[in-house]
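Residue-level listing of the chains:
Protein chains: 2
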Amino acid sequence: MHLQEVPSKSEIIAAHQRIRNFVHFTPVLTSQKLNKLFGVKMFFKAENLQKGGSFKIRGATNAILLNKESLKNGVATHSSGNHAQALALAAKNQGLTAHIVMPENAPKVKVQAVEGYGAHITFCQPTLEARETTLKNIVNKTGAMFILPYNSYDIIAGQATMMKELVEEIDKLDAAFIPIGGGGLISGSILSAEYFSPNTTVIGAEPEQADDAYQSLKAGSFIPSKNPDTIADGLKTSLGDLTYPIIMKGVNDIITVSEQEIVDAMKLIFTYLKQVIEPSAAVPLAALIKEKANFQKKKVGLVLCGGNVDLEKLPF
Amino acid sequence: MHLQEVPSKSEIIAAHQRIRNFVHFTPVLTSQKLNKLFGVKMFFKAENLQKGGSFKIRGATNAILLNKESLKNGVATHSSGNHAQALALAAKNQGLTAHIVMPENAPKVKVQAVEGYGAHITFCQPTLEARETTLKNIVNKTGAMFILPYNSYDIIAGQATMMKELVEEIDKLDAAFIPIGGGGLISGSILSAEYFSPNTTVIGAEPEQADDAYQSLKAGSFIPSKNPDTIADGLKTSLGDLTYPIIMKGVNDIITVSEQEIVDAMKLIFTYLKQVIEPSAAVPLAALIKEKANFQKKKVGLVLCGGNVDLEKLPF
Numbered sequence: 128m129h130l131q132e133v134p135s136k137s138e139i140i141a142a143h144q145r146i147r148n149f150v151h152f153t154p155v156l157t158s159q160k161l162n163k164l165f166g167v168k169m170f171f172k173a174e175n176l177q178k179g180g181s182f183k184i185r186g187a188t189n190a191i192l193l194n195k196e197s198l199k200n201g202v203a204t205h206s207s208g209n210h211a212q213a214l215a216l217a218a219k220n221q222g223l224t225a226h227i228v229m230p231e232n233a234p235k236v237k238v239q240a241v242e243g244y245g246a247h248i249t250f251c252q253p254t255l256e257a258r259e260t261t262l263k264n265i266v267n268k269t270g271a272m273f274i275l276p277y278n279s280y281d282i283i284a285g286q287a288t289m290m291k292e293l294v295e296e297i298d299k300l301d302a303a304f305i306p307i308g309g310g311g312l313i314s315g316s317i318l319s320a321e322y323f324s325p326n327t328t329v330i331g332a333e334p335e336q337a338d339d340a341y342q343s344l345k346a347g348s349f350i351p352s353k354n355p356d357t358i359a360d361g362l363k364t365s366l367g368d369l370t371y372p373i374i375m376k377g378v379n380d381i382i383t384v385s386e387q388e389i390v391d392a393m394k395l396i397f398t399y400l401k402q403v404i405e406p407s408a409a410v411p412l413a414a415l416i417k418e419k420a421n422f423q424k425k426k427v428g429l430v431l432c433g434g435n436v437d438l439e440k441l442p443f
Numbered sequence: 128m129h130l131q132e133v134p135s136k137s138e139i140i141a142a143h144q145r146i147r148n149f150v151h152f153t154p155v156l157t158s159q160k161l162n163k164l165f166g167v168k169m170f171f172k173a174e175n176l177q178k179g180g181s182f183k184i185r186g187a188t189n190a191i192l193l194n195k196e197s198l199k200n201g202v203a204t205h206s207s208g209n210h211a212q213a214l215a216l217a218a219k220n221q222g223l224t225a226h227i228v229m230p231e232n233a234p235k236v237k238v239q240a241v242e243g244y245g246a247h248i249t250f251c252q253p254t255l256e257a258r259e260t261t262l263k264n265i266v267n268k269t270g271a272m273f274i275l276p277y278n279s280y281d282i283i284a285g286q287a288t289m290m291k292e293l294v295e296e297i298d299k300l301d302a303a304f305i306p307i308g309g310g311g312l313i314s315g316s317i318l319s320a321e322y323f324s325p326n327t328t329v330i331g332a333e334p335e336q337a338d339d340a341y342q343s344l345k346a347g348s349f350i351p352s353k354n355p356d357t358i359a360d361g362l363k364t365s366l367g368d369l370t371y372p373i374i375m376k377g378v379n380d381i382i383t384v385s386e387q388e389i390v391d392a393m394k395l396i397f398t399y400l401k402q403v404i405e406p407s408a409a410v411p412l413a414a415l416i417k418e419k420a421n422f423q424k425k426k427v428g429l430v431l432c433g434g435n436v437d438l439e440k441l442p443f
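Residue numbers (my numbering), protein chains in the order written: chain A, 128 to 443; chain B, 128 to 443.
You may find that some hints are simply not true.
No copy is singled out in the list; a pair is fine if it fits within one copy or between any two copies.
Quick list of in silico lysine-lysine cross-link-like pairs, DSSO-like style, CA-CA up to 27 Å [to be verified]:
(1) K163 <-> K219
(2) K168 <-> K440
(3) K168 <-> K219
(4) K219 <-> K394
(5) K268 <-> K163
(6) K394 <-> K237
It is worth saying that the hints were derived from the structure and are not from the lab.
Only chain A is shown next, with the shape it has when bound in the complex:
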């Protein structure tokens, strides 16, 4: 990696030190049955057990702590997903106000979670335009700082701590399968692999129905998703201008998977790891299963990126 300005090794080490009192060092889970079924030695980093139910608290906490002096009027974002919960919790941990713009059709369970962390919620029409306008009004009115969900080096450095923990715990990992939404997690993972475990290749995992990173890699230029529609709701977002170049330069390959492959992998994780995960967190296993011939007897890391799923809408 020789991109200018991307988080350095020492910045990621500093981020890890900075956030460690506010996030879990999540466990790495294994299943002899899953290993036997597919002939791969799998190591699942259980970010579904992370505070706020996903890895997103890592980046949100790092961004808040790095900018704390400018945040006396609080933080703000628009999100219907894990970033909303993560920012609300990270703000609460630092005694800051969080303003969250959510679409009026956001799942009740997610609204309640954000409320539970004491955030101020403003509902808006469920369009990107309405979300951005509403957020802008709130930022103007309150002076809160907009904390981006993924397209920010502060966020990327925070998410990078996941992979740092994984490769420090599991020696000689051959590869890691990382889901791709906006690209914050995989950008951070690419950097941490390069700095802390250069022999670990990073492979992206993406739904076929939200495959902007795959299409961009094939074309050699940025192609955003058009009307992405997948059960893996956390992965609908397209890459940003900071995550895109890190991924294009650093990813070893990107594997896309069908909706059925995602559901099948999700069921395997519920059955053998006994972990409650959201569909996005099954995408890396679905991709590895598809590529298993290339990873026989290899040590492969996979991220269970989140566990915030509507239990009344499980796909099985």
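Go by the hints and put chain B onto chain A.
Structure of chain B alone, referenced to chain A:
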């Protein structure tokens, strides 16, 4: 405890030493949100992550290792539940043949799990009589030894290692809520609490619709369940003549819970602990919620006794 013949402190220590290479030292999970919701400091022993998906591997392994010289013709049992999987796996780990009698209407997922451990399955009519007759024929024909599911001191000493681990990891536990089916787990837990943490009280948790232990405690004599019918399928069994006296003498209280309370607690565990559990494993939390006024700010252990649930029949 001054009952004759029950497993001694040194026998439980020896059992733990004996089985430790064949079972997981399972993690203890916590949730700040659950603690806040109910005002109790809860410590969940995650036996759903145990080998075979439940605590039952502890007793089965202890029974096999204690009797290994007499087992050259293998082991046998009848079970449609976790004991079948546990015995099949424990036998496989020692290179022994397991013969499992299962009712022909046993869930396919459980049959496949037992087959996956290489056990010989014999199907029979779904009545206790047919199960016992079929098992007797197999034992006569093969010379395999019948390994009981709970009413045996070898099994009780094995299950006791769960509570030994819990109280050794969590200092000064005020109480532990333990589910009651046949009584093997709670009998072992009562003994381990007395030997290793005498200030920890043991409280039984039972479905209202399979409340033989509660009825027996009230009446002062053994009253088996009549037609028990509960979603907590692992807890339908009535106590045995070895588990009954240990429980009556050692339990501090027995709390019964409704079917709805079990489902509600199960959903809380999926939501906040992100753990896949079977309904039986939600019974201790359901009981604690009912009794929460008596445990404010106390440190309370709860056992997630198993995770073998039919994902297509989740009650939410």
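Hints versus structure:
{"no.": "1", "hint": "K163 <-> K219", "verdict": "between (43 Å within a copy, 15 Å between copies)"}
{"no.": "2", "hint": "K168 <-> K440", "verdict": "neither (31 Å within a copy, 30 Å between copies)"}
{"no.": "3", "hint": "K168 <-> K219", "verdict": "between (39 Å within a copy, 21 Å between copies)"}
{"no.": "4", "hint": "K219 <-> K394", "verdict": "between (34 Å within a copy, 26 Å between copies)"}
{"no.": "5", "hint": "K268 <-> K163", "verdict": "neither (57 Å within a copy, 33 Å between copies)"}
{"no.": "6", "hint": "K394 <-> K237", "verdict": "both (22 Å within a copy, 15 Å between copies)"}
The structure fails hints 2 and 5 (numbered hints given earlier, in ascending order).
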